[in-house]
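Participant: Each chain is listed here by its residues.
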Amino acid sequence: MTRWLCLLLLMLAGVGFGPLAAQDTMPPAPYAYRQLDDPAQEAKAQALMETLRCLKCQSQSIADSDAPMAGDMRSQVRQRIAAGEEPEAIRAWLVERYGDYVSYAPRVTALTWPLFVIPVVLLVLAALLLRRRFQKGQGE
Amino acid sequence: MSETPKPAPRWAIWLPLGLFLGFVALVLIGLLRPADREVASAMIGKPLPQFDLPAAIPEKPGLAHNDFAAGGKPRLLNVFASWCIPCAVESPQLDQLAKMGVEINGIAIRDHREDVAAFLARNGNPFTRIGADDVSKVQLAMGSSGVPETFVIDGKGVIRYQHIGEIRADQLPLILEKLKEAEQ
Chain A
1 MTRWLCLLLL MLAGVGFGPL AAQDTMPPAP YAYRQLDDPA QEAKAQALME TLRCLKCQSQ
61 SIADSDAPMA GDMRSQVRQR IAAGEEPEAI RAWLVERYGD YVSYAPRVTA LTWPLFVIPV
121 VLLVLAALLL RRRFQKGQGE
Chain B
1001 MSETPKPAPR WAIWLPLGLF LGFVALVLIG LLRPADREVA SAMIGKPLPQ FDLPAAIPEK
1061 PGLAHNDFAA GGKPRLLNVF ASWCIPCAVE SPQLDQLAKM GVEINGIAIR DHREDVAAFL
1121 ARNGNPFTRI GADDVSKVQL AMGSSGVPET FVIDGKGVIR YQHIGEIRAD QLPLILEKLK
1181 EAEQ
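From first to last, the protein sequence lines stand for chains A and B. If you read the first sequence in our numbering, its first letter stands for residue 1, the second for the next number, and so on. If you read the second sequence in our numbering, its first letter stands for residue 1001, the second for the next number, and so on.
Here chain A stands alone, though its shape is the one from the complex (with noise of 0.2 Å):
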């Protein structure tokens, strides 16, 4: 019983020990888990930081992640808005540092348009060859 709970116990102590061997035991910054009293801005944050990218933790966005530096993201971000910055600045502010990776809002450019013209190239060449089939059994 003793053997199993010293195993027990060592388990728990290896859990608890290998992510903090590599993280920073820093408290978070101001708003990294407080939200806005502002209702309203407090949502304009949420919305841009949903679509944000952890750069620590890549698949995730920063208002998913407990990575410190998620949490400092979040925390510039709420005090930004906070002093009247616009989402979309701050968004653009990061981009100019990190490029479009930072941000998981799509955008149009020069690489990236063939993702939206060809479904619906895709869609029109379907509905075409679709017409010319129900065409031809019409006239049967």
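It is worth saying that the hints were derived from the structure and are not from the lab. This structure is a prediction, so every number in the text was calculated from the model and none was measured. There's no promise every hint is true.
To be verified - Label pairs and their computed distance ranges (CB to CB): (1) A:L122 <-> B:G1155: 50 to 56 Å; (2) B:L1032 <-> A:V117: 27 to 33 Å; (3) A:Q79 <-> B:R1122: 32 to 38 Å; (4) A:E86 <-> B:P1009: 55 to 61 Å; (5) A:V117 <-> B:P1061: 20 to 26 Å; (6) A:D38 <-> B:Q1171: 46 to 52 Å; (7) B:P1007 <-> A:A126: 21 to 27 Å; (8) B:E1038 <-> A:A83: 27 to 33 Å; (9) A:G99 <-> B:P1007: 38 to 44 Å; (10) A:G99 <-> B:A1070: 26 to 32 Å; (11) B:Q1171 <-> A:Y101: 20 to 26 Å; (12) A:L115 <-> B:A1121: 51 to 57 Å.
Claimed, not checked - As a list, the in silico DSSO-like pairs of lysine-lysine whose alpha-carbon atoms are at most 30 Å apart: (13) B:K1073 <-> B:K1006; (14) A:K56 <-> B:K1137; (15) B:K1156 <-> B:K1180; (16) B:K1099 <-> B:K1178; (17) B:K1073 <-> B:K1060; (18) B:K1180 <-> B:K1073; (19) B:K1046 <-> A:K56; (20) B:K1060 <-> B:K1180; (21) B:K1156 <-> B:K1099; (22) B:K1006 <-> A:K136; (23) B:K1046 <-> B:K1099; (24) B:K1006 <-> B:K1178; (25) B:K1178 <-> A:K56; (26) A:K44 <-> B:K1137; (27) B:K1156 <-> B:K1137.
Said to hold, decoys possible - Partner residues aside, some chain B positions facing chain A, computed with beta carbon under 8 Å: (28) R1037; (29) E1038; (30) V1039; (31) S1041; (32) G1045; (33) R1110; (34) H1112; (35) S1136; (36) G1143; (37) G1146.
Glycine included, each C-beta is placed from N, C-alpha and C at the ideal position.
For chain A, the structure is supplied; the task is to place chain B on it using the hints.
Facilitator: Using the frame of chain A, we list chain B on its own:
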């Protein structure tokens, strides 16, 4: 209509298989080619952002963007933290660069003052100035996404090169070359 529909050409029966094999090839390429997960800063070629960081340890002054505009030789700006293991791995290389006469400034990310002091006592202190960035503010302003990263800053305060990850011993010539390039 009286005419019967034309039978599909014979090769057409291979089309689905061909499409499938093409898809498999695409998946295999995606699986086997190691993806590049590094996020390069888009600030290369641009001046340093404005900042003014307090000193991370009492023995060395803090760091502000004005310190770089003073002219002079290109220098290294090393973004590090005491809690970052690769940062300890690169310290012999930084020491070597400092001994060669390269000025190295540091920014300690999210770090307690006493931890920075202990880290430097353990690994040596190649820095002439160390700023403390407690909420990654300067790091974000520079487009840096982790520790360690090392930037080459020229005499006018323009960011010329970003080295992501620790500087390994075999990368010293590369860093020296980038410093030389920044002199022009």
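Participant: All the hints need checking, so say for each whether the structure fits it.
Facilitator: Hint check results:
1. A:L122 <-> B:G1155: 50 to 56 Å: holds, 55 Å
2. B:L1032 <-> A:V117: 27 to 33 Å: Holds, at about 30 Å.
3. A:Q79 <-> B:R1122: 32 to 38 Å: holds, 35 Å
4. A:E86 <-> B:P1009: 55 to 61 Å: At 58 Å between Cβs, range holds.
5. A:V117 <-> B:P1061: 20 to 26 Å: Given a distance of about 55 Å, which is not inside 20 to 26 Å, the answer is violated.
6. A:D38 <-> B:Q1171: 46 to 52 Å: holds, 49 Å
7. B:P1007 <-> A:A126: 21 to 27 Å: holds, 23 Å
8. B:E1038 <-> A:A83: 27 to 33 Å: holds, 32 Å
9. A:G99 <-> B:P1007: 38 to 44 Å: Distance hint for G99 (chain A), P1007 (chain B) is violated at roughly 52 Å.
10. A:G99 <-> B:A1070: 26 to 32 Å: holds, 30 Å
11. B:Q1171 <-> A:Y101: 20 to 26 Å: holds, 24 Å
12. A:L115 <-> B:A1121: 51 to 57 Å: Holds: the Cβ-Cβ distance is about 53 Å, inside 51 to 57 Å.
13. B:K1073 <-> B:K1006: violated, 78 Å
14. A:K56 <-> B:K1137: holds, 15 Å
15. B:K1156 <-> B:K1180: holds, 14 Å
16. B:K1099 <-> B:K1178: holds, 17 Å
17. B:K1073 <-> B:K1060: holds, 20 Å
18. B:K1180 <-> B:K1073: holds, 9 Å
19. B:K1046 <-> A:K56: holds, 24 Å
20. B:K1060 <-> B:K1180: holds, 26 Å
21. B:K1156 <-> B:K1099: holds, 23 Å
22. B:K1006 <-> A:K136: holds, 13 Å
23. B:K1046 <-> B:K1099: holds, 28 Å
24. B:K1006 <-> B:K1178: violated, 67 Å
25. B:K1178 <-> A:K56: At roughly 26 Å apart (the allowed maximum being 30 Å), K56 (chain A) and K1178 (chain B) satisfy the hint.
26. A:K44 <-> B:K1137: holds, 21 Å
27. B:K1156 <-> B:K1137: holds, 22 Å
28. R1037: Holds, because the Cβ-Cβ distance from R1037 (chain B) to chain A comes to roughly 7 Å (cut-off 8 Å).
29. E1038: violated, 10 Å
30. V1039: holds, 5 Å
31. S1041: holds, 7 Å
32. G1045: This interface hint is violated because 12 Å lies over the 8 Å limit.
33. R1110: Hint holds; R1110 (chain B) Cβ to chain A Cβ min 4 Å, cut 8 Å.
34. H1112: With Cβ-Cβ at 7 Å, under 8 Å, it holds.
35. S1136: It holds, given that the least Cβ distance between S1136 (chain B) and chain A is near 4 Å, below 8 Å.
36. G1143: Hint holds; G1143 (chain B) Cβ to chain A Cβ min 4 Å, cut 8 Å.
37. G1146: Since the shortest Cβ distance to chain A is 7 Å, the answer is holds.
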